[in-house]
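Undergrad: Whenever a hint applies, use it, and build me the whole structure from the sequences.
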Amino acid sequence: MTDAETPEFMVRAENVHKRFGRTEVLRGVDLAVRPGEVMCVIGPSGSGKSTFLRCVNHLEKIDGGRLWVNGRLVGYRERGGRLYELREKDVARQRREIGMVFQRFNLFPHMTALQNVMEAPVQVKGRGRAEAREQARALLERVGLGDKTGSYPAQLSGGQQQRVAIARALAMEPALMLFDEPTSALDPELVGDVLEVMKRLALDGMTMIVVTHEMGFAREVGDSLVFMDDGAVVEEGNPREVLANPSHPRTQDFLSRVL
Amino acid sequence: MTSLVKDTEPEGRPEIRAVPVRHYGRWVAAALILYVAVWAVYSVAHNERFGWDVMGRYFTADAVLSGIGTTLGLTAIAMVMGVVGGVLLAVMRLSPNPLISGTSWLYIWAFRGTPVLVQILLWGFISALIPRFSIGIPFGPTFADFSANSVITPFVAGCLGLGLNEAAYMAEIVRAGILSVDPGQDEAACALGMSRTKSMRRIVLPQAMRVIIPPTGNETISMLKTSSLVSVIAVADLLYSVQIIYGRTYQTIPLLLLASAWYLVMTSVLTVGQFYLERYFGRGAARRQTMLERLWANLRTARPAGKGTR
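First to last, the sequence lines map onto chains Y and E.
Just so you know, the working numbering puts the end of the first sequence at 260, numbered straight through with nothing missing.
Just so you know, the working numbering puts the end of the second sequence at 316, numbered straight through with nothing missing.
Source of the hints: derived by calculation from the structure; they are not laboratory data.
Keep in mind that the hints are not guaranteed to be accurate.
To be verified - Per the computed footprint, the stretches of chain E lying under chain Y, defined by three or more beta-carbons under 8 Å from a beta-carbon of chain Y, are:
#	segment
1	41-49
2	181-191
3	209-216
Stated by the list, open to error - A partial selection of chain Y residues facing chain E, derived with a Cβ cut-off under 7 Å:
#	residue
4	N58
5	A93
6	R97
7	N107
8	F109
9	A121
10	V123
To be verified - EDC-like cross-link-like pairs, simulated, lysine to aspartate or glutamate; straight-line CA separation at most 16 Å:
#	chain 1	residue 1	chain 2	residue 2
11	E	K204	E	D192
12	E	K204	Y	D91
13	Y	K62	Y	E132
14	E	K204	E	E193
15	Y	K126	Y	E174
16	E	K204	Y	E89
17	Y	K62	Y	D91
18	Y	K62	E	E193
By construction, the Cβ of each residue, glycine as well, lies at the ideal position given by its N, Cα and C atoms.
TA: Okay, here's the thing in structure tokens:
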């Protein structure tokens, strides 16, 4: 499946390995996400779940295995049975269709909420400013921040910042959204608004991989749940079933400590 | 604690009325400083050799004004060269390509490691090293040919000496600024599909500016004064202009004081400019104040009583 029109899987990982120096962070991850599916990834810290997410949009280079997004190899081109590293420009092009939301928001602090959302469409897609502004306004409206367009990130609460970050990622009209512990840096009372936005996004049919500690969200919104530990997928299945009856002892142990 | 809480409920915040600590030492210090100041002003005003009338006479003399123009021009050109070169060198220094980062390291090592006065002299005497310049392909055809003295005038030599030296210093300032930006910013930009160059230009550098501007302001102020070194290669800047005058009239001290006064005026103006530049690049981070507002705020917090009112 190299360049299929409508790929069966939005994301497919085959035996993905990643090392940082001598530490093996990912030891053969196999995963598949179908278009429109929401996959939640849980696991103890250091289990490699964030690293895997960062591999999906090539913020980290994988050391072994294969990773496809939307039917295309991530970071490489395969020709005649050989792998060729992609040029920076082509990697950037691949990333356009993958939105990413970070734990620490990473909004651009020198730009207003509106400018944050407009930046990539104007700079990367070459869209006209007026058009981009309209789109950004609509997106901020959609995440419930229509009245905050002129605010700088420092003037917004964590929850509001994270919703701007979601709008910013959506502005590139991605086919896939990656969420890296999007609510872990938030005060408890602000988590709900962000999860609500994500839930509506899921209902609209967005394909999502969500690394999270929010078991309620996983149960309610997730189509599948993956439990990772020590750089590998330990258990995978329907969220309600996995959360209620974990089959693997390590999953049982983890869930007994977080639930 | 409990009584305080009880008091606040019915009639609002209870005011504390206490006799503030008396700072007798400050009054003694103030008296001493005032005494010394009065004495200094008195002796300066009554010392004929300061030559205040001479200073007044030459303050806006044509030679002095054109010297100021040259000093400002030198400073501006050298700083532009410094900033542009510095950004270039800093980006090169952070390049993953070892050849490019090595080249930048070598440049900084050479230009920061030798006195700027020597560099200015070398540029001034460049024609002794390279008598003719030619534009063309090395080892190939030549398109144009100049004598070094016609291209590298003393002014150009001054600009080169100051600007290329400044680039080495600015490179380190810019590099520190770039490294101060959270790597998550570059990641977010990359995740949106921006190239490294675009992320640097649109996301990282504007944020690095907040860290880069204050030391750059210092560098500019320092450059304004360092530019006086070009008097050694006979560039008619402010210092050289007054040197020519006192060489003729022997009124050395008044004219050096005159030059100092002008340098002070110029650095003061630059300080104000720096404040507004910092405010512009601090947008999204700090409260917006005018210079007087900040001065007032500083004065208030400096007063010991002011601390209590916060």
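Undergrad: Next, verify each hint and record whether it holds.
TA: Taking the hints in turn, this is what the structure says about them:
1. Judged by the Cβ-Cβ criterion of 8 Å, the segment 41-49 of chain E is not covered by chain Y as claimed, because only 0 of its residues qualify and three are needed.
2. With 3 residues bearing a CB less than 8 Å from a CB of chain Y, the segment 181-191 of chain E meets the requirement of three and the coverage assertion stands.
3. Residues of the segment 209-216 of chain E with a Cβ under 8 Å from some Cβ of chain Y number 3, which satisfies the need for three, so the listed coverage holds.
4. Interface hint at Y:N58: satisfied, since its Cβ lies 6 Å from the closest Cβ of chain E, which is below the 7 Å cut-off.
5. A hinted interface residue such as Y:A93 counts as satisfied when its beta carbon comes closer than 7 Å to some beta carbon of chain E; here the least separation is about 5 Å, so the hint holds.
6. Proximity of Y:R97 to chain E holds as hinted, the smallest CB-CB distance being about 4 Å (cut-off 7 Å).
7. At about 4 Å, the closest approach between the beta carbon of Y:N107 and any beta carbon in chain E falls short of 7 Å, and the interface hint on this residue holds.
8. For Y:F109, the shortest C-beta to C-beta distance to chain E is roughly 6 Å, which falls under 7 Å, so the interface hint holds.
9. Checking Y:A121 against chain E: minimum C-beta separation of about 4 Å stays under 7 Å; hint holds.
10. The interface hint given for Y:V123 is broken, as the beta carbon of that residue sits about 10 Å from the closest beta carbon of chain E, more than 7 Å.
11. Taken as a hint, the E:K204 and E:D192 pair is honoured in the structure, with Cα atoms around 10 Å apart against an allowance of 16 Å.
12. A distance of roughly 14 Å separates the Cα atoms of E:K204 and Y:D91; the hinted pair therefore holds under the 16 Å criterion.
13. As the CA atoms of Y:K62 and Y:E132 are separated by approximately 35 Å, the hinted pair breaks the 16 Å bound.
14. Taking the CA atoms of E:K204 and E:E193, the gap is about 12 Å. The hint holds against a cut of 16 Å.
15. With a CA separation close to 11 Å, the supplied pair Y:K126 and Y:E174 stays within the 16 Å bound.
16. Taking the CA atoms of E:K204 and Y:E89, the gap is near 12 Å; set against the 16 Å cutoff, the hint holds.
17. Between Y:K62 and Y:D91, the direct Cα distance comes to roughly 14 Å. Compliance with the 16 Å bound is thereby established for this hinted pair.
18. Simply put, Y:K62 and E:E193 have alpha-carbon atoms about 14 Å apart, close enough for the 16 Å limit, and the pair holds.
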